[in-house]
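2 protein chains.
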Amino acid sequence: MVKFATSREFSQEEVGLALRNHGMHLEGLRYPITPIGMHYLLIHFDIPFIDPTTYELPIVGRVRSPLRLSLGDVKARPAVTMPVMMECAGIGRAHLSPRPVSAPWHDEAIGCAEWTGTPLRPILEEAGLLDDVAEILFTGYDRGIDQDVEQHYERSLPLEEALRNEVILAYKMNGQPLPPQHGFPLRLVVPDWYGMTSVKWLKSITAIAEPFEGVQQALLYRYKQSEEDPGTPVTRKYPHALMVPPGIPDYLSRTRHVRVGGILVEGRAWSGFGTVERVEFSSDGGRTWADTELGEPVGRYGWRGWSYEWEAQKPGEYELCVRATDAAGNRQATNVDEVWNVGGYGVNMVQRVPVTLS
Amino acid sequence: MVKFATSREFSQEEVGLALRNHGMHLEGLRYPITPIGMHYLLIHFDIPFIDPTTYELPIVGRVRSPLRLSLGDVKARPAVTMPVMMECAGIGRAHLSPRPVSAPWHDEAIGCAEWTGTPLRPILEEAGLLDDVAEILFTGYDRGIDQDVEQHYERSLPLEEALRNEVILAYKMNGQPLPPQHGFPLRLVVPDWYGMTSVKWLKSITAIAEPFEGVQQALLYRYKQSEEDPGTPVTRKYPHALMVPPGIPDYLSRTRHVRVGGILVEGRAWSGFGTVERVEFSSDGGRTWADTELGEPVGRYGWRGWSYEWEAQKPGEYELCVRATDAAGNRQATNVDEVWNVGGYGVNMVQRVPVTLS
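Listed in order, the protein sequences are those of chains A and B. Just so you know, we're using numbering that gives the first Met the number 0 here: the first sequence kicks off at 0 and counts up by one. Just so you know, we're using numbering that gives the first Met the number 0 here: the second sequence kicks off at 0 and counts up by one.
Just so you know, the hints here were simulated from the structure itself, not pulled from any lab data. Being a predicted model, the structure only gives us computed values, none of them experimental. Warning: the hint list may mix true and false statements.
Copies of one chain are not kept apart here, so a pair can be met inside one copy or by any two copies together.
In silico DMTMM-like pairs for lysine to aspartate or glutamate, Cα to Cα no more than 25 Å straight-line [unchecked claim]: (1) Lys-2 / Asp-249; (2) Lys-2 / Glu-12; (3) Lys-2 / Glu-227; (4) Lys-313 / Asp-283; (5) Lys-171 / Glu-113; (6) Lys-74 / Glu-153; (7) Lys-223 / Asp-249; (8) Lys-171 / Asp-145; (9) Lys-313 / Glu-149; (10) Lys-313 / Glu-212; (11) Lys-313 / Asp-147; (12) Lys-74 / Glu-165; (13) Lys-74 / Glu-125.
Looking at chain A on its own, in the form it has when it is part of the complex (with noise of 0.2 Å):
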């Protein structure tokens, strides 16, 4: 069951879960590639302890060969190397209301790093999956209690998503080994779904003939409307553009202040369904949009660069907002009402930021 807030204030529960899961400063939207440690991060038990020189993933259920690979061996495999833009499935969930009691997040849980892995479907075929396989199960280390239910954070991929050619093995993270808490020694790399599919810390992998029922497949991570709504599976990242906010904060309220004059303002987009086509920015809190000018795409799996100058003359008060509109046609929501569901998933309404212009 999913609990309610319908108040601005915030349970300590909350603020528990927005202490440890690191948000990304959104000024560190000017790095095309997010420097290590200010990629947001979402931990749902402890990140676990784990011994690189005896680790092994086992590759199990319905193969013909399960496997048992060392680290070694991974990284003996041909490598990629690819910046992912990752996107927090409860992004925006603050703004909701009534709010569902969970991680926080407003605009912050996001990132882009590059990661270097090795493709995942090479090994899958090695194993020699079987007939009746439909999805492939991936569990990670991290342990402990969810709605009640005692488990390892594990999640399925639908076999022709795991089959993906950039589906990946991950061991490093912006050249460098991953850090502890980015899944250390070896995490599912999954480009275009939200983060909640990357599993980090893997502790196995296994073929199954099933749909996976897990808390974290058929209970969370779904769009719902009722709590007796079954759903469906939260997957790819919607559009979604965020910016610097300018000029510069208050240490409390974060209310921005900013001078009169030609000011650039920039960020970033990125969509799960295509490449960005179009970031529109408004000064005027969404009554009339103008088309920004767009960057080229960090790789094909990162997010899109895009600037507009604000021509910022009257002092006041304004609240500037950004959308964007991908390939597909989708385009962000306005109102947050048009995509509230029960857990606060894949909440993509346009960023509003107030600032006052002097």
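Given the coordinates of chain A, assemble chain B onto it according to the supplied hints.
Relative to chain A, chain B alone:
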């Protein structure tokens, strides 16, 4: 003025600060040197974006020969590398009642990185301090509004503290260039003092003849019993021990579930007033205490490991506690009311970890 909250509900402002200001995961206490990206952060304003190729640090004010050091100049000077345990002065604030509204730290505002830099003292000597110099002022590039005053973040050190041999200008953290969020390209590191002293993103160093009266010095970071109380400055870290919470967590509440048996409880302890000489453990909420086994300190300015074999035999509810005593005889407070102050600084009461044993 400091605002106060009396309920266990947290404001939007506090949650916003919790999401930006990363806490160290307490399971990270396992590492003698905190892995990059796991170290706590307290960023008052925004992370500035600084071009290292044109970066110059002026050393000015009451000096005979003002200097301008490029990053190359700084790196060409003698280098030292040392572990320094850093702790935010606001640690424990969220345990207070009434609670000052600011970063709602519980126990996670910690980290122990290995910093590389060059000693400050020879640089000040080269600049030639005039006889009337009382303090050295460190100004950062980070700019914003606090207590209704627009400011760069800046703080001073009394001259004798600034001249301590172990005060360095650091350009590496754990052997790598500083990440942007930790002060790239150059920051101050002042061992033994709370973190607010170690000014990030250094913009200038100024020798001054009068005590600095800026917001972060004269108004904030003072131990005050009332708003009218001028208070005393926050300086060195009080003794503090923390444990890796044993067992497994509940996702939302973070309550701990532990299985009956012999349980190795471990953690780290530190003090800015001298070596930690004793760490005690309690499994009954602090009614009875037992000495733990101490490890070697991680350098002169790092922290010290400790461990305790807890014979956890009888199922039920327990409150695990740990407390440190340093060489100067300072011991942690048992009760949060003993350490209450207006700003919520230096709150070093004993950690309390409720666990369910089954």
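Results for each hint:
Within a single copy, Lys-2 and Asp-249 get their C-alpha atoms only as close as 32 Å, which misses the 25 Å cut-off; across copies the closest is 15 Å, which meets it. For the identical chains of this complex, Lys-2 and Glu-12 are neighbours both inside a copy (11 Å) and across copies (22 Å), given an alpha-carbon limit of 25 Å. Only within a single protomer do Lys-2 and Glu-227 lie at most 25 Å apart by alpha-carbon distance; the minimum there is 14 Å, versus 42 Å between protomers. For the identical chains of this complex, Lys-313 and Asp-283 are intra-copy neighbours only, at 12 Å inside a copy versus 63 Å across copies, given an alpha-carbon limit of 25 Å.
Taking the shortest Cα distances, Lys-171 and Glu-113 sit within 25 Å of each other both inside one copy (8 Å) and across copies (21 Å). In this assembly of identical chains, Lys-74 and Glu-153 lie within 25 Å of each other by CA distance solely inside one copy; the values are 23 Å within and 46 Å between copies. For a Cα distance limit of 25 Å, the shortest separation of Lys-223 from Asp-249 across copies, 23 Å, qualifies, whereas the shortest one inside one copy, 37 Å, does not. In this assembly of identical chains, Lys-171 and Asp-145 lie within 25 Å of each other by CA distance neither inside one copy nor across copies; the values are 29 Å within and 39 Å between.
In the homo-oligomer, the alpha carbons of Lys-313 and Glu-149 lie at most 25 Å apart only across protomers (21 Å), although the nearest pairing inside one protomer, at 57 Å, exceeds that limit. Proximity of Lys-313 and Glu-212 under a CA criterion of 25 Å is satisfied in neither setting, with 56 Å inside one chain copy and 35 Å between copies. Only between protomers do Lys-313 and Asp-147 lie at most 25 Å apart by alpha-carbon distance; the minimum there is 22 Å, versus 55 Å within a single protomer. When the C-alpha separation of Lys-74 and Glu-165 is checked against a cutoff of 25 Å, the pair qualifies only within one copy, where the shortest distance is 17 Å, while the shortest distance between copies is 41 Å.
For a Cα distance limit of 25 Å, the shortest separation of Lys-74 from Glu-125 inside one copy, 16 Å, qualifies, whereas the shortest one across copies, 50 Å, does not.
Checked against the numbered hints listed earlier, the structure breaks hints 8, 10; every other hint is satisfied.
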